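The listed protein sequences correspond, in order, to chains A and B. Position 27, counted from 1, in the first sequence is what the working numbering calls 68; the numbers after and before it change by one each time, with no gaps. Position 84, counted from 1, in the second sequence is what the working numbering calls 93; the numbers after and before it change by one each time, with no gaps.
I should point out that these hints are in silico values taken from the structure, not numbers from a laboratory. As the structure is a computational prediction, the values presented were derived from the model and not from experiment. Keep in mind that the hints are not guaranteed to be accurate.
To be verified - Pairwise CB distance ranges, derived in the manner of DEER restraints: (1) B:E86 <-> A:L195: 37 to 43 angstroms; (2) A:G84 <-> B:L21: 23 to 29 angstroms; (3) A:A120 <-> B:L72: 45 to 51 angstroms; (4) A:L190 <-> B:E12: 37 to 43 angstroms; (5) A:A90 <-> B:V64: 19 to 25 angstroms; (6) B:P82 <-> A:R115: 28 to 34 angstroms; (7) B:L91 <-> A:G196: 29 to 35 angstroms; (8) B:Q16 <-> A:L104: 57 to 63 angstroms; (9) B:V79 <-> A:G84: 33 to 39 angstroms; (10) B:E86 <-> A:G168: 24 to 30 angstroms; (11) A:V191 <-> B:P82: 22 to 28 angstroms.
Ideal Cβ positions, reconstructed from N, Cα and C, are used throughout, including at glycine.
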Amino acid sequence: MPIEALLGTLQDAWRALVLAGALLAGLGLMYRLLGAMAATAVGGSAGVAAGLAGMAGIFAIALFGLAGVPEIARAARAAMASPACGPFADMAAAAAVLVGAIGSLRMIVAVLEGLAAAAAGGPASLGRAMLAAGETVVGMALTAAIMPLVARFLGGC
Amino acid sequence: MFEQAMQKILELAKEVWTFLAGLIVVVAALGGLYYILQGASGAAFGGSRMVSTAVLGLAGLVLLALIGFVVLPSLAEMLQGLIPSPPF
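With these hints in hand, go ahead and build the complete structure from the sequences.
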């Protein structure tokens, strides 16, 4: 029950963060377009190019966050078969689900950071979001691998 | 849990979107006027380069305004449709 309540809270946080990401992407696209139009109005071609490139970066990060991150999280979770045995099975399953949930939130936060940076005119950090995705997958794999080892070491299996 | 805060943020974002759309209209109008002035003065004094620059600038402004009012809302709707359910 406490894990379900915690998962419910994490799911609420996921919904809020994803909605914030979509909002940030939309407003960022509009802001970068405004910058490009202002540069066009005063004849600055570099500003136009920067604005259009920024729009493309925002769109790419938003696509990764809204379409790629959930699939990565689902794939990593589906790949974790029978995390442990004996009395450790429940604990290992709960730990894997929690690690996946927290990792998913971490990935979406990294996407939000990238979106905020790109929307404000900074360098778009899609790489950080992808690094966070990799760390999450590694964390879930480690959880799945370590719990059976601990169970066997303690004689639970 | 976060519904009330997100509702407030959503309302604020709608206002920001409207504000940015208004700013785009203002910038497009001022930039268009500037390019029209530049083209007219170029035509008056026989400066063909000024006229061509003004026409191209005006076309660019119209293109960007079209992107802002036709393409961006479609992209935003597409992103909104992509909002995923929690994967855990």
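Within 24 to 30 angstroms: is that where the Cβ-Cβ distance between B:E86 and A:G168 falls? Holds - the Cβ-Cβ distance for B:E86 and A:G168, about 28 angstroms, lies within 24 to 30 angstroms.
Could you check the hint for me, namely that B:Q16 and A:L104 are 57 to 63 angstroms apart, CB to CB? violated (26 angstroms)
Between A:A90 and B:V64, is the Cβ distance one that fits in 19 to 25 angstroms? holds (20 angstroms)
Could you tell me whether the CB distance from B:P82 to A:R115 stays inside 28 to 34 angstroms? holds (30 angstroms)
Assessment of proposed distance window 45 to 51 angstroms (beta carbons of A:A120, B:L72): holds (46 angstroms)
Indicate whether the distance between the beta carbons of A:V191 and B:P82 respects the range 22 to 28 angstroms. violated (53 angstroms)
Do A:G84 and B:L21 keep their Cβ atoms within the hinted range of 23 to 29 angstroms? Cβ of A:G84 to Cβ of B:L21: about 34 angstroms, so the range 23 to 29 angstroms is violated.
Using the Cβ atoms, figure out if B:V79 sits within 33 to 39 angstroms of A:G84. Violated: the Cβ-Cβ distance is about 24 angstroms, outside 33 to 39 angstroms.
Can the suggested window of 37 to 43 angstroms be confirmed for the beta-carbon pair B:E86 and A:L195? violated (54 angstroms)
Between A:L190 and B:E12, does the C-beta distance stay in 37 to 43 angstroms? holds (42 angstroms)
Status of the given 29 to 35 angstroms range, CB of A:G196 versus CB of B:L91: violated (48 angstroms)
The structure shown violates the earlier hints numbered 1, 2, 7, 8, 9 and 11.
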